[in-house]
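A.B. asks: Taking the hints into account, I'd like the entire structure generated from these sequences.
Line by line, the protein sequences are chains W and V. Residue numbering for the first sequence follows our numbering, starting at 1 and increasing by one per position. Residue numbering for the second sequence follows our numbering, starting at 1 and increasing by one per position.
Errors might be hidden in some of the hints.
Claimed, not checked - Which stretches of chain W does chain V cover? Using the computed rule of at least three CB atoms under 8 angstroms from a CB of chain V, they are:
no.	segment
1	77-88
2	166-173
3	176-187
Stated by the list, open to error - The list that follows gives simulated cross-link-like pairs (lysine-lysine, DSS-like), each with its CA atoms no further than 30 angstroms apart:
no.	chain 1	residue 1	chain 2	residue 2
4	V	K80	V	K58
5	V	K32	V	K80
6	V	K107	V	K80
7	V	K58	V	K133
8	V	K58	V	K107
9	W	K165	V	K6
10	W	K119	W	K165
11	V	K58	V	K32
12	V	K187	W	K61
13	W	K119	V	K6
14	W	K61	W	K119
15	V	K6	W	K63
16	V	K64	V	K6
17	W	K158	V	K6
18	V	K107	V	K64
Keep in mind the hints are simulated off the structure, nothing from the lab. In this text, a Cβ means the ideal position worked out from N, Cα and C, and glycines have one as well.
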Amino acid sequence: MKYSLWREQVLPFTLMLGLLAAATIAGDFVLHRFNLVWVGRYMGIPGTLLIIGSLYYSLRKRKYVTSGDPKALLSLHEFSAWLGSLMVLIHAGIHFNAILPWLATVAMGVNVISGMVGKMLLHRSRLHVQSEREHFQLRGLSRPEVEQAVFWDAVALKAMVQWRKVHIPIFVVFAVLALGHIVSIFLFWGWV
Amino acid sequence: MSRTLKFILTINLVVLAVLSFVYPSLMVGPGKLIAGHQKINADCFACHVALSGVQSEKCISCHKPADIGRVTTTGAPVVKPLTSTPFHQELTSQDCVACHSDHAGVKRYQMQGRFNHDLLKKGISEKCQSCHKSPTDTLHQQISGNCGQCHTQSRWTPATFDHDRHFVLDRDHNARCVTCHVRNDYKQYTCYGCHEHTPANVRREHVEEGIRDFNNCVECHRSADEHDIRGRGTDRGKREDD
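C.D. replies: The structure is reproduced here in structure tokens:
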């Protein structure tokens, strides 16, 4: 059976993203079911702290810090960003009030997806398309024929490369919007 | 990140920042304000104090406690008061946000409008009838004051009236009040309100035992337990040969 980039890579990725959505809905349901909606109100705080903590990997990757195993930090980055996002999504719930925090939530969602694209698909997909090209060339196909054979996989890869590019800019947007939301909470809410 | 992208990003964020200041209720406000506060929709600091949240002093500057429930903030008499008796004048402290919130999004989390008797001044909370009308059933019409003997201040029902002192309501008598106390008359009761007890079968069983006076059932029977029969100072009630 022919290896398909969509079936082997995109589908698992979609399922993992679906798990985030399902966990969000389940978390929101549990809080409502047990009359604990107020807990969701405070889940934005640990969620934000987890996302901030996940940034240590980004600093390590860009050599702003030197300690820590990059591979372990990447795993930690993925896990804490996923869990933090889950907490923030439950915190947001389905209550549409102010625009600013919702824009921040959308930006966070895009950021999570772009991160997952980078993590799960990009590297393996590049290798896959390259090996497919080599395979067809070895079979004696001409260059246009090779390109024709890997056309849809190449299209998927190109889309993913573009998608991956938004990870950092959209994180900046998310950070600024989230900061605006946090500042407005400190400004208008009575903590004591 | 390319320079163009940085520029577009900065422009977008600046636009959002400006919108937040121009339309704060839409951009950062947690939902609509109540109808009466629409005029101050864009003026967050009409109620909020920076870094401290909503302060009661701000509320009281418009809503004078002495007037609440009597006259509106414009001085007009309240036509349809939300409570039968004004009570804000009798509160121990003027902590408005303890009970009230304004934004639709915040109301979900708050005990909106839920009155707590603990907020009333000492002595006032014991005078139930100064705010509440006594129920019209015959049981409550006989009682004046001392409501706390049966009812809590958090909820009217369930009452703490000890029915077991008169008759134990076990699983055999897990019935509605009206089954025994018809027409809300708690002074009277009947044991013939269910299919189990009929005047004929009760008469037959008592006559077999030689008991003639069996009209006041609970005088002898304080529960469904057939072995727990107390009688009038005797073991077996009033027999014909007594």
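A.B. asks: Indicate, hint by hint, whether the structure satisfies it.
C.D. replies: Comparing the hints with the structure gives:
1. For the segment 77-88 of chain W, the stated coverage by chain V is violated: 0 residues have a C-beta nearer than 8 angstroms to a C-beta of that chain, whereas at least 3 were required.
2. With 4 residues carrying a beta carbon less than 8 angstroms from a beta carbon of chain V, the segment 166-173 of chain W meets the three-residue requirement, and the given coverage holds.
3. Here's how the segment 176-187 of chain W fares: 7 of its residues keep a CB closer than 8 angstroms to some CB of chain V, so the rule of at least three is met and the hint holds.
4. Distance check on the hinted pair: V/K80 and V/K58 sit about 25 angstroms apart at the alpha-carbon level, within 30 angstroms; holds.
5. Among the hinted pairs, V/K32 with V/K80 is consistent with the structure: their alpha-carbon atoms are about 23 angstroms apart, no more than 30 angstroms.
6. Straight-line distance between C-alpha atoms of V/K107 and V/K80 comes to about 23 angstroms, which keeps the hinted pair within the 30 angstroms bound.
7. Straight-line distance between C-alpha atoms of V/K58 and V/K133 comes to about 34 angstroms, which puts the hinted pair past the 30 angstroms bound.
8. Among the hinted pairs, V/K58 with V/K107 is consistent with the structure: their alpha-carbon atoms are about 19 angstroms apart, no more than 30 angstroms.
9. Proximity of W/K165 to V/K6 is assessed by CA-CA distance (about 13 angstroms); at most 30 angstroms being required, the pair is judged to hold.
10. For a cut-off of 30 angstroms, the pair hint linking W/K119 to W/K165 stands: about 13 angstroms separates their Cα positions.
11. Between V/K58 and V/K32 the CA atoms are separated by roughly 19 angstroms; this keeps the pair inside 30 angstroms, and the hint holds.
12. The straight-line distance between the Cα atoms of V/K187 and W/K61 is roughly 83 angstroms, outside the 30 angstroms bound, and the hint therefore fails.
13. A distance of roughly 24 angstroms separates the Cα atoms of W/K119 and V/K6; the hinted pair therefore holds under the 30 angstroms criterion.
14. The suggested pairing of W/K61 with W/K119 holds, with an alpha-carbon distance near 14 angstroms, which does not exceed 30 angstroms.
15. A distance of roughly 22 angstroms separates the Cα atoms of V/K6 and W/K63; the hinted pair therefore holds under the 30 angstroms criterion.
16. Between V/K64 and V/K6 the CA atoms are separated by roughly 52 angstroms; this puts the pair beyond 30 angstroms, and the hint is violated.
17. A distance of roughly 23 angstroms separates the Cα atoms of W/K158 and V/K6; the hinted pair therefore holds under the 30 angstroms criterion.
18. A threshold of 30 angstroms between alpha carbons decides the hint, and for V/K107 with V/K64 the separation of about 23 angstroms falls inside it, so the pair holds.
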